[in-house]
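Chain residues, written in single-letter form:
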Amino acid sequence: MGDEKLRITLICYDEKEFLEMEIKSLKDYKKYCTDRKVVWLNIDGICDDVLKEMCEVFSFHPLVINYAKNKRQRPTIKDFDDHLMIVMKMLYMEDKYEKVYGEHLTILKKGNIVISIQEKIGDVFNDVRERIREGRGVVRKMGADYLVYSLMDSIVNTYFQILEKLGEEVVFLEDAMIIKPREELFRKVHRVKINLIYLRKSIWPLREILNYILREEVSSLGKETRPYMYDLYDKVVQLIDSLETYREMMTDTLNIYLTSISNKTNEIMKILTIISTIFIPLTFITGIYGMNFRYMPEIYWRWGYPFALLLMLTIAVIMLIFFRKKKWI
Amino acid sequence: MGDEKLRITLICYDEKEFLEMEIKSLKDYKKYCTDRKVVWLNIDGICDDVLKEMCEVFSFHPLVINYAKNKRQRPTIKDFDDHLMIVMKMLYMEDKYEKVYGEHLTILKKGNIVISIQEKIGDVFNDVRERIREGRGVVRKMGADYLVYSLMDSIVNTYFQILEKLGEEVVFLEDAMIIKPREELFRKVHRVKINLIYLRKSIWPLREILNYILREEVSSLGKETRPYMYDLYDKVVQLIDSLETYREMMTDTLNIYLTSISNKTNEIMKILTIISTIFIPLTFITGIYGMNFRYMPEIYWRWGYPFALLLMLTIAVIMLIFFRKKKWI
Amino acid sequence: MGDEKLRITLICYDEKEFLEMEIKSLKDYKKYCTDRKVVWLNIDGICDDVLKEMCEVFSFHPLVINYAKNKRQRPTIKDFDDHLMIVMKMLYMEDKYEKVYGEHLTILKKGNIVISIQEKIGDVFNDVRERIREGRGVVRKMGADYLVYSLMDSIVNTYFQILEKLGEEVVFLEDAMIIKPREELFRKVHRVKINLIYLRKSIWPLREILNYILREEVSSLGKETRPYMYDLYDKVVQLIDSLETYREMMTDTLNIYLTSISNKTNEIMKILTIISTIFIPLTFITGIYGMNFRYMPEIYWRWGYPFALLLMLTIAVIMLIFFRKKKWI
Amino acid sequence: MGDEKLRITLICYDEKEFLEMEIKSLKDYKKYCTDRKVVWLNIDGICDDVLKEMCEVFSFHPLVINYAKNKRQRPTIKDFDDHLMIVMKMLYMEDKYEKVYGEHLTILKKGNIVISIQEKIGDVFNDVRERIREGRGVVRKMGADYLVYSLMDSIVNTYFQILEKLGEEVVFLEDAMIIKPREELFRKVHRVKINLIYLRKSIWPLREILNYILREEVSSLGKETRPYMYDLYDKVVQLIDSLETYREMMTDTLNIYLTSISNKTNEIMKILTIISTIFIPLTFITGIYGMNFRYMPEIYWRWGYPFALLLMLTIAVIMLIFFRKKKWI
Amino acid sequence: MGDEKLRITLICYDEKEFLEMEIKSLKDYKKYCTDRKVVWLNIDGICDDVLKEMCEVFSFHPLVINYAKNKRQRPTIKDFDDHLMIVMKMLYMEDKYEKVYGEHLTILKKGNIVISIQEKIGDVFNDVRERIREGRGVVRKMGADYLVYSLMDSIVNTYFQILEKLGEEVVFLEDAMIIKPREELFRKVHRVKINLIYLRKSIWPLREILNYILREEVSSLGKETRPYMYDLYDKVVQLIDSLETYREMMTDTLNIYLTSISNKTNEIMKILTIISTIFIPLTFITGIYGMNFRYMPEIYWRWGYPFALLLMLTIAVIMLIFFRKKKWI
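Residue numbers (the working numbering), protein chains in the order written: chain A, 41 to 369; chain B, 41 to 369; chain C, 41 to 369; chain D, 41 to 369; chain E, 41 to 369.
Chain A with its partners taken away, still in its complex shape (with noise of 0.2 Å):
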């Protein structure tokens, strides 16, 4: 079953103690957890059964397992009165392909327990295991609200992880565009907006769900976490803008480069135009005294080669003082 393989963490904690484990079953997580403290139980691997049990066991809304299982499910929140669900991707960016790919991420919320559904084992929340497990920071002496914002938190964090990844290829690609357009680059700009476009449909919802714990003060997030909420929108708005603003500077510098071809063209006409208009009216003058007429006069002159000659020099020193004129040369 290799990578596909469930496995369920179980992190409770208060202030004072600490416990981490793996577990087997989602039911046992009581014999483990006194009331009191915030039950973080973490899901790798989204499997129908566990998903029905969990339903089950925390008696979930039936619409809450379509969320968790449907990995095109854009990011959302809903307020089912007593639990909260908030559907986020999480972004990671494979540096050879220079592809970002997102993955499904479920996180919900009931009293003082938290369930995150991954879709595989590996995630971007070492962060907050190793503040809970070490009391770094006031994870320990808050509550699972507190837990959900820091969960937000880190996934928001990564955003901006890639987003400057990107935003030094968006840089680096109008610089180089402006110093020396070619078509590699261009393919390099199309590869960046079509990754800027995927970022932005994680990241708009993202604003529309924070947006919604803002206005509407969902009951099951205490006061408390309200300014960091707020935060969190700030750097969501912050990422969005600096997302618009790459997209833009990409769409500048494609510009750049097609006003780089039909400069080129343009320049290429002028060399192409330059020789021809030069040289055409000269081989014509070689054509007429390479006729080969019996009674042409000036084939006989003594000075007819010389003058011939002249005469081509001059035309050629015409059309150069022309171009010059032009600015063409």
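For the record, the hints were derived by calculation from the structure and aren't laboratory data.
Among these hints, one or two may not hold up.
It does not matter which identical chain is meant; a pair holds if it fits inside one copy or across any two.
Said to hold, decoys possible - Restricting the straight-line Cα-Cα distance to at most 27 Å, the calculated cross-link-like pairs of lysine-lysine (BS3-like) are: (1) K263 <-> K77; (2) K67 <-> K111; (3) K228 <-> K304; (4) K150 <-> K263; (5) K366 <-> K220; (6) K366 <-> K263; (7) K64 <-> K92; (8) K92 <-> K365; (9) K263 <-> K109; (10) K45 <-> K263.
Model, not experiment: these values are computed from the prediction.
Since chain A is already given, all that's left is putting chains B, C, D and E on it; use the hints.
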């Protein structure tokens, strides 16, 4: 009369019982249904007499007839206090012609009665019928408003199927265009764009419909169906999202094509210019020594011919170096 | 005076009675109408004296004159407490000139009196008149507000007719452009675009008007007409929808045309380049052996001529293979 | 000091009396005006001392000075409880330079006093003055708020005049561009676009001003002037409407120009290609028989020359047929 | 440590007294200030220790540190009930590099204390300091909120200066591009566009900040400062207005450039075509009479040479007339 034939199908059910039959006249439904059951009357074929009869039997607002008849009617919702009308489009995609076309559908709900009016026999509701017959899912336990939701959901699911097909085409076209741009792809891109426009005309109003249902808390749709309608709304937003992304990608693909044409013209111009600027001066030199002047010292010179050849070679090499420097070859 | 002639037509009716006649002065209407009937005064020709008289007789707000006179006035609605004014445009489409032009129309309603002021004789209300005369439909049973709706509806119906004609042109132009792009079509596309802009200037404000009617619950329009106004609103939204789709399609069509020009230029350049790059080197070779040098060994060689021909053939074949590889031929 | 001269004009009136005179100092106005009259103080020339004096005499908010002085201030409205300030732009259009330029105007209203501050002598209010002097219209019967409306209305009317002139130019340019596109028109189109941008900067904020007046029910403007302000608002919306249409038309016109350039290049390329592809092969043939090989059988053949001519004719005809088929000639 | 050096400056004042000094630690401020004065602490250099100390001394929300430290933070406002935080950007424009760059600035206000935190020594507040020192304007009479306004106003004024410089560049570039389009200008246009994008990122959020202040009636900013904040809001709206106009003008300028390239290519093609189509047929004729056929009657004809010249002249003249008709020459 062929496929213009009218057919009225009656399905009525509650948690325990289930009845499915064809009836001749709308009035007949009462004979077979006791009041408590959910009654679903499906009319295949839009026919004035039946619509008028329907308005009388169920005392609908007279405007309902207009909406049900007008195949150009865009999707909309009307809340006539005690009865509700929803107009939607069933979309199909002919594989051969790669064209999306639509069928006009009107859904009416009054109390426990749901009426659906289609243009012709054959629809996308078979899955709903199956679930009712076999009592799968919750449909038999829920009321008429859940049936309305199920019908809408079936239609939205076909939208997803069509959009997925188009999406595959979009991704294929984009890749194909990057690898090898050609006019044939350009025409396909255009066709996909037209299909996306067509799809959008069916989907955008649907969002307004669901918005209306969720915002106005339409009284004829009970509170229980609200989370399902929210789910549907989410799906539609996601559809719109993908649709707009596809449209953007198609625009980008067109730009790639246009850029590739410019690049090709540029490339062709380069070849022409290289050949022309190398050979035109050389031909000019041959022209000079092809002139018939009696007094041309070079002609009679022993090494005149090798010298002329050398001169031409030198010019050709200089030109080649020049083009090398310009990075044209 | 010809078609500038002023004509006032009086139509008054209730469910039982009906009267239609021409009158000389607005004041005369009272002689013929008892209070209970709906009174419709139609004025053909915009004339200062009549407008002033009207304001006095019916005690309208003085600004009404400005609105009724100003042919440039965009469609709008004004609610002067006890009377209501709606400004609209009747649109016509001359088949010959393929141009949409508009006629200024002001509809006033006070109590049971409806006044319509047009620029000249000839309008789109004949259908309404017929229905009143023959007592068809519900118009004779309903009040003055239904008459206002009927007039508005007549106008919107002509919008549909015009848009349909333009729509056919749009579809035709798009198809024609894909099959065989040419400049003549380009001019037609431009003309259609101008017509769509013109249409939009009449339709967009209409949406605002209906929005106002539905939102503000204008007191002079009874509750009964609301569903009809909703219906009208739906129609107008649909008009706007189609209009915007047509505009988009025209923009696409223009892009097809532009792309086709680029493609053609490309095609032409290819032919020129193929011919030039094949024959320019060959002509150079003929030039070499056309030189008159006394000491040219090849000239006197037995197989010189066949050898030269073979050389040229070889070059031509190589060039052809090169173009074959480039997929140009 | 010339045109920088300061001039204060006092006009005060009620329904019966009327007084117009120049005064030296703002304080003097009280000598001439009894309280009941409407007082209109017009200041030509923006001068610090007078502005400060004004603020003291009428106890205006100190910020008023900033607004009145700052010629770059965009149009705005400020409601300082007991006094109201409106900043607008008077626009003029020099016929010679075909350029729109603006003059800064501040209108202040406190009780029955209206103060207008302009940059220099000469304005667009002569019509208002005439109406006050001669008691035409309702201006003498109404209060100070109607005077404010009249001043605003005068300005909006000049906007209409300017936009009409620009509109004529727009229509002319579009037609001229379709008939015969040329660079000179392109420059004119650009100039008109700049003027439209300039106009927009004055008109858009005006809509906000009127919106504010109508929405906030500014207390210093009585209820009587509301329908007039509505009328003004309608006018401004219409201005914006036309403006945007003109902008769109100018963009279209530019596209026509660009398309025409592409078409021309295409046309030129065709001619070049036709001439080149016909004559280059022919010239090659003449080149062959121009070679000086000793052993060329055709040369000595009796019918060599006519045969060569025939060959060339055949090639030319084939080429012409080819171009005929391509519909180039 | 160089320019990274930390410096804390204390300015405290009321209407009568004024004190300015450098202090070592934030805690020291109490020694020098009695409670009634306005206290302005300016911190040059962002340093963790000082920020933490600050949060403790003034009991600010812990998130304040994040905002003050994060140089990428976009401008925002946070209202922590008893204290207020505003994040802005001070913009500078290096004349040499023609690039706008920004410095992160955080303004905090709690009661009568204002704290400003900058990245490094050197700011745009010297004018404010001068006014406080010399007691010019109203600043000494007003409270801490007026100081906040003054600081914001100083920054907005520098925005105006930068935008003015950019505006001059915009107008210059547009004019220069119309007179003589060249690639060098194109690059400048691009650079200006990037600067405008940068500026926009600082200014747009500022509008939101002021919107928030005016809409929410932030309690820590007294009613007296509201008109000033309105004034500031107006300025920012005007900045945005100009900015967008400049952006539009730059886009137009780019279009002028692109059109000019197309025009130039067109012009070049014309010259090439004229020269080619005139001389290619003539050269062909010379080719004919350059052939070495034994039996060519024209060759031996007495008037063969003059006749050939005449033929060529005729062809040239016909071509010239053709081009004259096409208005190419």
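Next item on the list: Tell me, in ascending order, the numbers of any earlier hints that this structure violates.
Entry: 6, 8, 10
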